[in-house]
Structure formats: structure tokens, C-alpha cells
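A.B. asks: Residue numbers (this note's numbering), protein chains in the order written: chain A, 1 to 308; chain B, 1 to 308.
Where hints are given, some of them may not hold.
Intra- or inter-copy, both count: the list cannot distinguish identical chains.
Subject to a maximum C-alpha distance of 30 Å in a straight line, what follows is the list of computed BS3-like cross-link-like pairs (lysine-lysine) [stated by the list, open to error]:
#, residue 1, residue 2
1, LYS86, LYS206
2, LYS110, LYS143
3, LYS200, LYS167
4, LYS292, LYS79
5, LYS110, LYS286
6, LYS193, LYS84
7, LYS166, LYS286
8, LYS206, LYS63
9, LYS189, LYS206
10, LYS193, LYS140
11, LYS110, LYS140
12, LYS200, LYS86
13, LYS292, LYS189
14, LYS166, LYS200
15, LYS206, LYS193
16, LYS143, LYS24
17, LYS286, LYS189
18, LYS79, LYS200
FYI, nobody ran anything at the bench for these hints, they're computed from the structure.
There are 2 protein chains.
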Amino acid sequence: MGKLLIVGTVAFDAIETPFGQTDKILGGAATFIGLAASQFPVSTGIISVVGDDFPEEYLDLFKERGIDISALEVVPGGKTFFWKGKYHNDLNSRDTLVTELNVLADFDPKVPKAYMDADVVMLGNLHPNIQMSVIDQMAKRPKIIILDTMNFWMDNALDELLDVIKKIDVLTINDEEARQLTGEYSLVKAAQKIFTMGPKYAVIKKGEHGALLFHGDAVFFAPALPLEEVFDPTGAGDTFAGGFSGYLASTENMSFENMKNAVVHGSNLASFSVERFGTERLVSLKRTEIQKRLHQFRALTQFDIELQ
Amino acid sequence: MGKLLIVGTVAFDAIETPFGQTDKILGGAATFIGLAASQFPVSTGIISVVGDDFPEEYLDLFKERGIDISALEVVPGGKTFFWKGKYHNDLNSRDTLVTELNVLADFDPKVPKAYMDADVVMLGNLHPNIQMSVIDQMAKRPKIIILDTMNFWMDNALDELLDVIKKIDVLTINDEEARQLTGEYSLVKAAQKIFTMGPKYAVIKKGEHGALLFHGDAVFFAPALPLEEVFDPTGAGDTFAGGFSGYLASTENMSFENMKNAVVHGSNLASFSVERFGTERLVSLKRTEIQKRLHQFRALTQFDIELQ
């Protein structure tokens, strides 16, 4: 059983979609990553920060799933990071209505001793300086460091972002952001350019159009499962990252061939995440449901052509 | 060796992309479909019409590939259908600059006797009345009838289109057009609605994002091969249709499992088509290149997760 260290936000989200809206519910990158990763036999620790307005039941949720939250700092008198967003009708774009950093503004991550030798480090979307600080605190080089980021950091902390990207193995990023980061429209060329920045692997996420895994000249693709209805895309990318990193950590096999499986597991879990608001579906998810959908994934993608 | 009957345009195209532009070159749906299908061991006949401005060398091109053009009518004194288009920078959208129907305006398709018992009928994008006329002339019900269409006919001949859709087995259509035809945003729901219109199979083409094959509750997905550069998307959908129908006709196996392979072959050939202007790449294509890329398709999509 491998060890997975996650850094990222633990937050309140308020979400509006064409299908309804929520009050403040559990959200944040580390939340989705952790819940997804906990579907695999892996020791998972989360580094994050919340205020003392963060409900005990949410903390219990992590604990029940065996997630180590000893490095989830609760700031007395502080308020938890809050994001409010509204999705457009096609669910492919959204407007951010409110961002309150709150306790996140002064977040100084502390890697717990027990996780300084983690096999896999998953750096969720956060300021690149925080991501760098986690890498610097590791007692030994992890087998693999995965980093997720977004356009906000390219616009506001590009130098710091490029510095941390130099130190990682896998960059996960969405298609538009890959284009912004590299200046290449072709995703094949974008991946090649990402390789010159440091990472040996690039996962380019295309939302409802699936995800591409690049390594050298090799490429693997996993579609998103076609769903009758996408209800709430919030956290889909983080759920993917949780499935990807959790599977890698649980198998302790960082080969490209195994990374293909990790991409499929990530896509599979993300297909559940979007079926309900926030973490609702991830929390209720049963192992049998996951297995059943993996069979659907196989039927969706596997064919049998005799090759010469 | 099965028999494939194709109806569609044989045309002159003039194309402008960010990479360059062409004078009048060989184009048209039936052209791309026929050239793609001729990669398989199949008896292929094309029904279409051109003017006497259509060069002998193009006619020879079809003949050299064993395509029966006895039903390719040459109208004395007539001018060949001409389309001119300009692609935008991302190559995902284009403006039509010129459409001259010419001899196509009075096209009355005549199914040659030798093809009245074709196993597969591929109805390329054309007025639905022409598509219907071909079906009506068949001496026996083909094993499978495939129809490709576009939004123009939904806007201008919807009743006629719905009439012919009732009579077919497979509808191939792009994602936006599937949404327009059905009023459903979800492609899963769109496919289900298409099934109520007649077809038992729906292929929804998503351009660079691949193609989905639906049948009942089953779905199969083939990605587009990620390319460093797409040079000219003209004819990609028709090339797909040619690979799809040509493979089905050559195997004489119309099962859903075999249709998956047909989708892969169609996607594979389309990945070549977009590498050069018009039919240039299809014409120069070697069997070894096709096989090599099928191996790439397998590496791109096949994974090996142990399922319970």
C-alpha cells in the first residue's frame, strides 16, 4: 500500500447550474482529490487549511474514509475559503461570482512527518509557491510528483509556476490552459513543449471530450463516459486527479502502461462526480458501481481489429 | 467481397486554410467516400454527376482504384459542382465563399443494374429526395443503408429528410447537427431520439474530438488521432464514412461489434485525409501506412485493467 500526499483547497462551494443551486456545500480541490483517491487501498494525507466555521461532520467524512487530516489546519476564528460560481446552459463554461480566500490567504503548508516519504505527491491547484513549499519539505524525492494548475496562476504568478513545473513529473492541465501555457494550438505540440519545461508526462484534460496522456512520442486517450445528463461539473478535474494519483499510489507502479490505467480510473470516477452537486455522488459511491462502470468504459473503448 | 453503392457529389473544391490555398481541386462527398472505401476489398460504384469540364485524369483516378463510375454521369456542356470555402484559424469552423450547383441542380440519380443488389448503400450528403430516389431504385433491401446529412437540409428540406431517415439503418451526423435535429443537447439523448426516427444506429461525429457509435443502450467511441497539425479538414467526415461503409461492405458483417471496427477504420483514414489539401493524402496512401496507424490507434485507446 503506497502513500499519497495531497495539497489543495478544502472549501465551501456555492453552485448554480441550469438544474438548481446549492447553499455552501463541501468543496475544494483537495476534497475531491482525497475522496476519489480513497477508493483505492492507499494511505492518503491531506495538507490544507480551513476556518473554525468548517463543520465537524465534514472532518468526520474524511476520517471515515481513512484520510489522514492531521495536516488539515483549523484556524481559530478564521473563515474557510469560499467559492461561488454559476454555470452557463451548456455547462462548459462558468462565471465565478464570489471568491473569498479567507484563511487560504496566509496558508503555510506543513508536511507531516509521516508523509515526508510519500510515494506520490499530488499538488492540487493552488499558488505555485505553496506547491513548491510542499516539494521542498519532502525528506526524499517522491516516486512521482503530479501538479494541477490553472490559467489564474499563469496570469498572476507565471515565474513561480514555471519554477515548480521544473520539479515535477506529471502536469495535469486543461486544453485551453495547455494552449495558453505553451502558445501552441496543437495539443501534441503543446505536450512536447511542456516536456521542455521539466515534466516527462502531460495529462491534457478536455472536459466532456476526455483526457490525453502524453509521454515522449507516446499518447493515450480516455474519453469521458457519455452521460445522459451532466448535472454539476464542479470538481470533475480534481476527481480525475484523485483517481489518477490514488491508483498510481495504490499500485506503486509509475510506468506509462500503468499510467494509462490511472487515466481510465480517473475518468471513471469523474463520470460519477458530475452526476450530483459537489461531492454528493462521490460520497455515496459504492465499489460495485465503480466496477460496473469500468466495464462500460471497456465496452466504450475496446475493439478487436486484427492487425498485420 | 461485398458490394458498396455510393451516392454523393463529385465536385471541384477551392480551399483556403491558414496554411495556404488551392485552386479548383478534386472534391465532393462521393469522391472522398469512394477513395476511402477503395482501401478495402470491395466492389464500389459511385452515382453522381459532373460537367464536361471535369478532367479525364480525375475519372482515371477512380478507375485505377477499381471504382465503378459507369453511373457517374457527364453532362455535355455542363459545369461541375463547385464549392469554395475558407477555414478560420482554429480550423474548427469555416465560411462558404462560393457554392455553384451547376449540373447538380438537375441531378437525377440512376442506380446501375449491377448495383441494385448492393450490400451496403452509402448515401452521401445531398438533397434527401436524391437519397430517397436511390433507395427506391434498389431491387432488394440492402443489408445496410447509411445516410450522411447536414444542417442545410434540416433548414431547407426537413420533411423530406425525415422521410428518408425513416428508411435507413445508420445515420451519420455531426454533434451540432444531431442537437439541431433532435433538440437534445446531450448526445446520449440525441441518439435515443434519432432511434425513434427510424435508424437503429447513430454515428455522431465530433471532429477533432472523435466519433460516437450508438445502438440501443450500447455506445462505442473512437477518438481522432491526435495530430501535430491538421492541414485541411475538408472531406474528413466523408473519408470517415468511406472507411466505415467500405469496411462493412468488405467484411459483409453488419453486427455492432464489427461496426466498432468500422468506426476505427473510418477514424484512421480520416486522420490521413486532413494532412494535405483535398484528396492528396488519400490518393498517395499506402497499405503499410494504414496498418502502421492502426497500431497507433490501438496504442492510443487500448488498456488493460483487471475487472472484477
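A.B. asks: Checking an output row: LYS110 and LYS143, CA cutoff 30 Å. Within, between, both or neither?
C.D. replies: within (20 Å within a copy, 67 Å between copies)
A.B. asks: At most 30 Å between C-alpha atoms: does LYS193 with LYS140 qualify within a copy, between copies, both, or neither?
C.D. replies: within (28 Å within a copy, 56 Å between copies)
A.B. asks: First find the shortest C-alpha distance between LYS206 and LYS193 inside one copy, then the shortest across copies, and answer within, between, both or neither for a cut-off of 30 Å.
C.D. replies: Close inside one copy (18 Å) and across copies (26 Å); limit 30 Å.
A.B. asks: When no copy is named, should LYS200 and LYS86 be tagged within, between, both, or neither for a Cα gap of at most 30 Å?
C.D. replies: Classified as neither: same-chain Cα gap 35 Å, cross-chain 38 Å, threshold 30 Å.
A.B. asks: Pop the pair LYS166 and LYS200 into one bin, within, between, both or neither, using alpha-carbon distances up to 30 Å.
C.D. replies: within (10 Å within a copy, 51 Å between copies)
A.B. asks: Is it within, between, both, or neither for LYS292 and LYS79, if the alpha carbons may be no more than 30 Å apart?
C.D. replies: For LYS292 and LYS79, neither the intra-copy (40 Å) nor the inter-copy (58 Å) Cα distance is at most 30 Å.
A.B. asks: One pair to classify: LYS200 and LYS167, alpha carbons no more than 30 Å apart. Within, between, both, or neither?
C.D. replies: Cα proximity of LYS200 and LYS167: one copy only (10 Å, versus 52 Å across).
A.B. asks: 30 Å Cα cut-off: does LYS206 pair with LYS63 within a copy, between copies, both or neither?
C.D. replies: Classified as neither; 32 Å inside a copy, 43 Å across copies.
A.B. asks: Within a copy, between copies, both or neither: which one fits LYS79 and LYS200 at a CA-CA cutoff of 30 Å?
C.D. replies: Neither. Shortest intra-copy (38 Å) and inter-copy (55 Å) distances fail the 30 Å Cα cut-off.
A.B. asks: With 30 Å as the alpha-carbon cut-off, assign the pair LYS166 and LYS286 to within, between, both or neither.
C.D. replies: Classified as neither: same-chain Cα gap 38 Å, cross-chain 42 Å, threshold 30 Å.
A.B. asks: From the Cα coordinates, with 30 Å as the cut-off, is the pair LYS193 and LYS84 best called within, between, both, or neither?
C.D. replies: Neither, since 34 Å and 35 Å both go past 30 Å.
A.B. asks: Measure nothing new, just compare the shortest in-copy and cross-copy C-alpha distances for LYS110 and LYS286 to 30 Å and report within, between, both or neither.
C.D. replies: Close neither inside one copy (32 Å) nor across copies (59 Å); limit 30 Å.
Comparing the model with each earlier hint shows violations of hints 4, 5, 6, 7, 8, 12, 16 and 18; every other hint is respected.
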